[in-house]
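Quick note: the sequence shown uses our numbering, first residue 25, plus one each step.
Okay, derived cross-link-like pairs now, SDA-like style, lysine to any residue, Cα gap no bigger than 25 Å in a straight line:
hint	residue 1	residue 2
1	258	230
2	263	225
3	117	151
4	88	104
5	88	243
6	121	177
7	249	54
8	267	253
9	267	230
10	187	142
11	187	214
12	249	237
13	37	159
14	76	120
15	227	267
Hint data in this document are derived by calculation from the structure and do not stem from the laboratory.
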Amino acid sequence: SDLFGQAELNHLKLGHSAIISTEVGTGKSTAILKIAAAMPDHENIYILSNRKYCLIQLKREYLKMIGISTSNWNDDAVLGYDTENVTFMTYQKLARKGPCYKFPSESMIVLDEIHYLLNDAVFSSDPMIIQKILHWNKASTKRIYISATMDEVLDEIIQIESKYEDSTNIHDIFRNNEIYKINKTLIDQIYLMESNWEHLCLKFYHYSDIDELATYLNKNRTAGKKSLIFIRNKNRGEKLKEKLDDCEMVF
25 SDLFGQAELN HLKLGHSAII STEVGTGKST AILKIAAAMP DHENIYILSN RKYCLIQLKR
85 EYLKMIGIST SNWNDDAVLG YDTENVTFMT YQKLARKGPC YKFPSESMIV LDEIHYLLND
145 AVFSSDPMII QKILHWNKAS TKRIYISATM DEVLDEIIQI ESKYEDSTNI HDIFRNNEIY
205 KINKTLIDQI YLMESNWEHL CLKFYHYSDI DELATYLNKN RTAGKKSLIF IRNKNRGEKL
265 KEKLDDCEMV F
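Model the full structure from these sequences, guided by the hints.
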């Protein structure tokens, strides 16, 4: 999560883009929040994601980072809260704005889970619309592409970021080397985030130890640590939630 910060943002020029190739457990969410926090107040940042509930959780974490607790808010309240220059949006919602949608000039667009562009559902034209929107806004925005399967979606990103539209140069057509193709694009920066599972601590609790578990979770939360809890019974999960100081999301 320390990979992309203020210095990297300053280096990213208007009209150009960066790629962050992540793995599970690399601190991707933290990296996105740090990007949002590093943006000047007068510049707009759009954080896009495929899944609504992941976006809600990310927005909850952002609001907590700026000092706003959402523990008693429902999902609609979180989504509806105005975060001024930071906008959280699903790809589906963006696609509904149409292929000619224009972002405010000099906006930063963070495209999380960009492998969404590989969605081949025959009933959905959204990925194609998203690509057209990005083409339309290429010169007036900065873009950060994020994915855990970057190798699969790289060709689509290269097509969007190409410096030369519909090239007929015979050498461009027949050269397939990925580095060569990237050099012909507006992609300035590439970052690789590797997983580190050393921070994980696996614990098992019986339901009779719910008070002990709640104490452990509250202590971790105060220390700024995250916990992922699996409980077989929904009612027992609700009772555990009642004992937690600030539980943001329970499935």
